[in-house]
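Undergrad: Please arrange chains B, C, D, E, F, G and H on chain A, whose structure you already have, making use of the hints.
Number of protein chains: 8
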Amino acid sequence: MDRDRTRAILEDLAGGRLSVDDAMLQLRLEPFEDLGFAKVDLHRGIRQGIPEVIYGAGKSPEQIVSIARVMLDRGVETVMVTRLDREKADSVSEDIPIDYDPISRIGVIGEHPSGEPVGKVTVITAGTSDIPVAEEAAVTAELLGNRVVRVYDAGVAGIHRLLSHSEDIMTSRAIIAVAGMEGALASVVGGMADCPVIAVPTSVGYGASFGGLSALLTMLNSCASGVGVVNIDNGFGAGYLASMINHMESP
Amino acid sequence: MDRDRTRAILEDLAGGRLSVDDAMLQLRLEPFEDLGFAKVDLHRGIRQGIPEVIYGAGKSPEQIVSIARVMLDRGVETVMVTRLDREKADSVSEDIPIDYDPISRIGVIGEHPSGEPVGKVTVITAGTSDIPVAEEAAVTAELLGNRVVRVYDAGVAGIHRLLSHSEDIMTSRAIIAVAGMEGALASVVGGMADCPVIAVPTSVGYGASFGGLSALLTMLNSCASGVGVVNIDNGFGAGYLASMINHMESP
Amino acid sequence: MDRDRTRAILEDLAGGRLSVDDAMLQLRLEPFEDLGFAKVDLHRGIRQGIPEVIYGAGKSPEQIVSIARVMLDRGVETVMVTRLDREKADSVSEDIPIDYDPISRIGVIGEHPSGEPVGKVTVITAGTSDIPVAEEAAVTAELLGNRVVRVYDAGVAGIHRLLSHSEDIMTSRAIIAVAGMEGALASVVGGMADCPVIAVPTSVGYGASFGGLSALLTMLNSCASGVGVVNIDNGFGAGYLASMINHMESP
Amino acid sequence: MDRDRTRAILEDLAGGRLSVDDAMLQLRLEPFEDLGFAKVDLHRGIRQGIPEVIYGAGKSPEQIVSIARVMLDRGVETVMVTRLDREKADSVSEDIPIDYDPISRIGVIGEHPSGEPVGKVTVITAGTSDIPVAEEAAVTAELLGNRVVRVYDAGVAGIHRLLSHSEDIMTSRAIIAVAGMEGALASVVGGMADCPVIAVPTSVGYGASFGGLSALLTMLNSCASGVGVVNIDNGFGAGYLASMINHMESP
Amino acid sequence: MDRDRTRAILEDLAGGRLSVDDAMLQLRLEPFEDLGFAKVDLHRGIRQGIPEVIYGAGKSPEQIVSIARVMLDRGVETVMVTRLDREKADSVSEDIPIDYDPISRIGVIGEHPSGEPVGKVTVITAGTSDIPVAEEAAVTAELLGNRVVRVYDAGVAGIHRLLSHSEDIMTSRAIIAVAGMEGALASVVGGMADCPVIAVPTSVGYGASFGGLSALLTMLNSCASGVGVVNIDNGFGAGYLASMINHMESP
Amino acid sequence: MDRDRTRAILEDLAGGRLSVDDAMLQLRLEPFEDLGFAKVDLHRGIRQGIPEVIYGAGKSPEQIVSIARVMLDRGVETVMVTRLDREKADSVSEDIPIDYDPISRIGVIGEHPSGEPVGKVTVITAGTSDIPVAEEAAVTAELLGNRVVRVYDAGVAGIHRLLSHSEDIMTSRAIIAVAGMEGALASVVGGMADCPVIAVPTSVGYGASFGGLSALLTMLNSCASGVGVVNIDNGFGAGYLASMINHMESP
Amino acid sequence: MDRDRTRAILEDLAGGRLSVDDAMLQLRLEPFEDLGFAKVDLHRGIRQGIPEVIYGAGKSPEQIVSIARVMLDRGVETVMVTRLDREKADSVSEDIPIDYDPISRIGVIGEHPSGEPVGKVTVITAGTSDIPVAEEAAVTAELLGNRVVRVYDAGVAGIHRLLSHSEDIMTSRAIIAVAGMEGALASVVGGMADCPVIAVPTSVGYGASFGGLSALLTMLNSCASGVGVVNIDNGFGAGYLASMINHMESP
Amino acid sequence: MDRDRTRAILEDLAGGRLSVDDAMLQLRLEPFEDLGFAKVDLHRGIRQGIPEVIYGAGKSPEQIVSIARVMLDRGVETVMVTRLDREKADSVSEDIPIDYDPISRIGVIGEHPSGEPVGKVTVITAGTSDIPVAEEAAVTAELLGNRVVRVYDAGVAGIHRLLSHSEDIMTSRAIIAVAGMEGALASVVGGMADCPVIAVPTSVGYGASFGGLSALLTMLNSCASGVGVVNIDNGFGAGYLASMINHMESP
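Residue numbers (the numbering used here), protein chains in the order written: chain A, 1 to 251; chain B, 1 to 251; chain C, 1 to 251; chain D, 1 to 251; chain E, 1 to 251; chain F, 1 to 251; chain G, 1 to 251; chain H, 1 to 251.
A few of these clues could be false.
Result set (EDC-like, lysine to aspartate or glutamate): computed pairs, CA atoms no more than 20 Å apart in a straight line [as the list claims (entries may be wrong)]:
hint, chain 1, residue 1, chain 2, residue 2
1, A, Lys-120, B, Glu-249
2, D, Lys-120, C, Glu-249
3, C, Lys-120, D, Glu-249
4, H, Lys-120, F, Glu-249
5, F, Lys-120, H, Glu-249
6, G, Lys-120, E, Glu-249
7, E, Lys-120, G, Glu-249
The set of hints was computed from the structure by calculation and includes no laboratory data.
Bear in mind that the values here come from a model prediction, so they are computed numbers and not experimental data.
Looking at chain A on its own, in the form it has when it is part of the complex (with noise of 0.2 Å):
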């Protein structure tokens, strides 16, 4: 609870305006609504006019459907829902429209956010199977507000790939770097660019790649500078995090 509101609250209390029990309930209300099987978080969603996401794993579709709706009946406008596997979209979209994208497993519910994308996200993988958790990473910064460059198949094994896209990496504010066998690439485009760079290992790739452990610690030895690690396939947090850093205003 912000500071502001406790002042009011307590302002309210010393005027009269309110009761000592009435002030005790107020201090402590929370801004969620209960759902029984979730806890809805309404807080952040509104104050900061972005969308308001649901981690679809785990949850049936009628959870997902209740969770949406009582977002929407609050206010919130867009809803983004992730790791939605395309059953459950179609169940989901036979009670509320949902637009659906089967790569990046991400559906919206309700308004696409209007408004010009800013600044510059570069999306990159290493190789064509690490492209559904870059797709997650790219539509996350797009629906929240980024404009997004995809470089895909740019993996290090082949460098020339790599740097005929230098340009793109001099010129972003945030990159976001996806690779599973080649975790690699992390390290290159981090001694490339002067921007953040967050790297998301994967879980694809065979033999010793142990679901994306060995791009993980690739990823986290690198040893360029600027370099952020999220957890494996978590395209999502990556492209939250780098939406955060590309929406950064001057200090």
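TA: Below, chains B, C, D, E, F, G and H without anything else, positioned relative to chain A:
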């Protein structure tokens, strides 16, 4: 090599001011000096007007002095040396003045950066033993021109300690969360903040902390959005990335 | 074999009411029935007046029915079957009435325990996907005679959600903290509570959660005192231990 | 901050005895003292009348003395310092009287707790090398007001040794099972006891014991119900949790 | 190639009964038949008069039939096929008679070994889910001519169950201890027995059992002497090794 | 981009045959075609006159056909597709002729390479289940123009089988040792051979083989000199590296 | 407690020669002496006429002397102390005569066992650095009455070295294969031998040997039948188990 | 034993120039000398005319001198000792002249190999701390008769440094890529080169580098073809394998 310099060389060649051989040479000319044991990259430091960094671990005092001298000769104003233990710092100081801080293990050769620090980077630790890594991050960020706020010993097992600093957390432009035993710190801070959070696992801890691996995994699994992780104990990397983010200008 | 029974046998022998051979036999007599594929331990259940438990995973419906029948025949009033999937529960119900709960995957054969639940055990989850494990803990605790309060979807990345339940946390006699991605929950709850906290890592999660290992390590490394950890997904074990603690009488 | 204190502040404000600014201040006032390097939490110790604890590892003797003094000044009667090696204890004793036990590595500053120990906590080790961790648990439990019974060197490879202590095991209110090579101890004790068992894996061992990991996994996989596990070598945590359980009053 | 055979060849050569080329050939002659996809080793089986073994996993029914036929043609009386699932066994039985046991997943082609079983091998499991691996060991041992006693579901969390079988344990010539969750079984049995104990970790279990790794580590760390460990789920290997030991003759 | 091409461009520019802009363009021109989802690298294949390779896993039949067509259009004679399962191969064959081998899972589009195979590459497996990976290596090496000898099912637990092939081992120019359970194969072969040995761990095996990790570690720890290891199951990589070595010309 | 002793006590009770209380006492009487820090088990040693063993690591010289004295007082003739470093051995020798071998780190207190060694146990190492562990096994086996043959530095990368010892391998009653880098040794020896092979991984090695884990996994994955594995560096355990097997009498 | 020697023995036997017993002896005669603690293999060195190698780690100076003397006596011209620290080298030099290089930790006893080095082996490191391992590889390759080019401190985070050496990379016959933190080096170099690349992970690094495991996994997962990996820090093995490849003659 940037586009403008390439164009200039090509125009000199086209204009007959340069032979083909010289053009080839210049197109390949490396912007770093080779000391035999190390290549000194002079490219970025001078262009960006920020301190040049020497990673001190695994280098002899003589090597550090040599590299620093080349840098200073080429116009670098501030050389910061990281991972420098006291013995090495003492040896270095016999050859060249160095301002050494034993907690962060950072030494400064040359001028301290002048100029007003900007923005706000908050460095938070879970425990007292995380302080050396936190100081590496904090001093790095200060040397790179950031205003830094320190909140130490505010682990989540005493959540009221952390909550008492909510204001600093809410008004930061970047936060560095440093924790060994309590990797949980990043999640909680990430949930409280509206800015990017850089999580630094530390190798502090006993039992099943496995040299920081436990904290690393916790931080990667953080459910809070907007959290990026750097390598275990990598205070420098966190300070550098936080500085990049804090210095972002409006898109 | 307890002291009193041993003494009784020895006194019968000394009194000539028992031959040496019979005494030897009785001293060895096992208080369990051997079904060939499993030994049914009848010792504890009957003495303590609490439900007898069958671990359902890896047992066929026929085996479960056989074991349950032996128990009921010997006077057990309530048999609870854990880790029972719906198909098996359906098969069992063809032979013997069973009250099955698909979320906790617990079935009850025989009478539900009567008697007033005592004390207060609070079960908290970080996310919605942790609920099945939490329900295994909660239903177990209820069947063992505990009053249970559920607080679900209160992960630490939204710390205000958790804080809004501080009263339940402060007044519990035992707390079960269930979390997959956010092992941090145990630390924060442990720091808020004055009673023992039983932490249950869950295998829920993606990326570097490694089937619950990440949450397990986080929970073990909790800096809060008064936290004990059970195996990944072991809701039953947590409910059982919480019940033991909640039923403690004054020393 | 507890409800009563909040209500008191709000009533003072409503009654005009407090300004809005002072109320805001008091609502935020932290019940701990900030020493710069550490926050001394004075909240719980004074309220509960139990020793306050300083985790000694990673703190300098000066820091330990400072923290202890603040505690004593605020009315704490007993300060116990854990993980204190002999050299540090000697340094501390130059500034402030400390009663140091080299086996458990626990020092006591101030008064030893008076009052009769209650209940019964049994501490069992598998081998002789597990004794230091066991003593950390035992001394902790004693300082927290518990009657403690020690059963050492009773590993399950000589099961008759353990069985000869069945009576102590059956009559305990909480048991602490400490083992490195023989994590199996927790299973067997858990099967014999009717009270909660706290398992402490130790880093003692050679070969594939992996610093306690092997014992940790064994303990987590115990088939006995009523077993909770704490971190490797965490004798203090086990003693603290056992004390909580042993002090439970009837519901 | 054994010494006697080598000497015979050399004597034939010295005696002019063999040309140099034929001697070279015979010295290299391989005692196995090459089927293209597999080499059938006929060396040991025939000499020792024990069943020949085909490892069934990863072989097609056709391959199994081909290999078995070569063996039978060369005078092998009993062919046992391990790791044979029911579908494959059915396919095999269309070509050649096979006596299949679905629990141990062992099939026997040809004659069952006649002759009286010798000695005593006891197979003990901790739980009911360890039975399939135990049966692989038990049936293997029986086919190799050992008298086998089965003690199932005797885990150490109910130590009295195990103790009630002490007589079988004390009179065995070799014991096979099979356990997943309760690797502790090997320690306890090893401490009770005077004969070699072969420990078989099983991949049965949930949570932090990690596919048998936890049981494997526990067994390796057993403090009891006289315990050797085979691979996870390797019932055949345990049965084979126990048979070797049980058939030992006086030195 | 190679030196000669750079020099040619610069000379054209110096000679006025090229504008500065065109020179800049050509210096950047990428020798690959962009299909949107993948970049087709045409650089190496055409120059070296060897088959171009498509890694089939994670690509749709349509994508494979598109990439292959671009390659064939640009003059590539042989396209080999690896990690191609039968279903995908059937789909591809509806659009373009493909010669598919189900054991190695390699398909060939276009002409099979003509020309005499050179040298000698021996592929050895420890067991029959390692054959698919071995065939991927063998077929790769054959398509790349090498004479290949296969020695299968020659694991070191029957050392005489392996010794009977010493002549092939001694006369090879490169050996590929493929093993899952018996990583030991590489050590023994490495000790027998005078040529480079490429070790391929396979994910075949059960128990503590951990998906090939055990074989990988064994191979890395081989005491024989002259052994290099490729990734688990990476038959293609082994075949490619062996071909490189076998085609070496005298220095 | 064995059956005969139990029967005797019961018969005394039945015959009135013993009170019920005394019978209860005797039925519980422990056959070991309690020194406070350790329990001395006198049960087995005296019965079996073999040396009693003290595990020296983690015990002080004083403790070793105390335990040894109790043993000697009770009639034990030979006490062997394992894992005894030279300094401790020197301290022990000040109080009691000890015959110390610095390579195996085994000391003998009391008489060396007389009597002719029986059978044949062969100890094989892969390299020279495995010798200390091998000697622990060999000396243990010798003290337990076995004839021991040593074959050192016979790793499989030079397979002819090992083959030159085939005769010893073929005529052993038990073989101990000791290897760090070359875990493969156990597979090859297992394939050559007809007797049980006990594999001892050693922590010798560098790189990816991970303190013996690599050798351990290799040994567990051995395809040879008749191989059992003991813990890393556990030479004593291997010698003890080999002795058990070598002393087997005909069934 | 090679075919020609076998044939010669058999012909002598057939011709009566050898008894059967002598033939048996000679067929078994081992081409190595037994020093008790080590077997000196004299077979390969003399035949191949290359230095004989002693692995110095874990051997005493006396053992090194003994082995070297046997080798020199038998006609070996150059003995190279690897993993030799300075103290041991000093001790050795008291008995026998040795030319010691402290960076590669290699000593040479006897003559340095004469003869012109052939071909081109390029050794590349990512950082300055990888240099010792790289020097072990480089000096090994030089002693084995290869022309060696060193490119140090050319990690991929500064890709322009590496690109400035493309010519050396393109013209090598074998490349050794040595990297700790930046395992990525192997991928990038592998993509640039047309010759085999031997990747050497080093244990250099901090944080989540896990003693080289991270670099090892990265290198195994390299997407570049033609890359083989040796053990962590195994510079010798890399130099040896590179030499084998560089010395290949045309097929």
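Undergrad: Taking the earlier hints as the rules, which of them does this structure contradict?
TA: none
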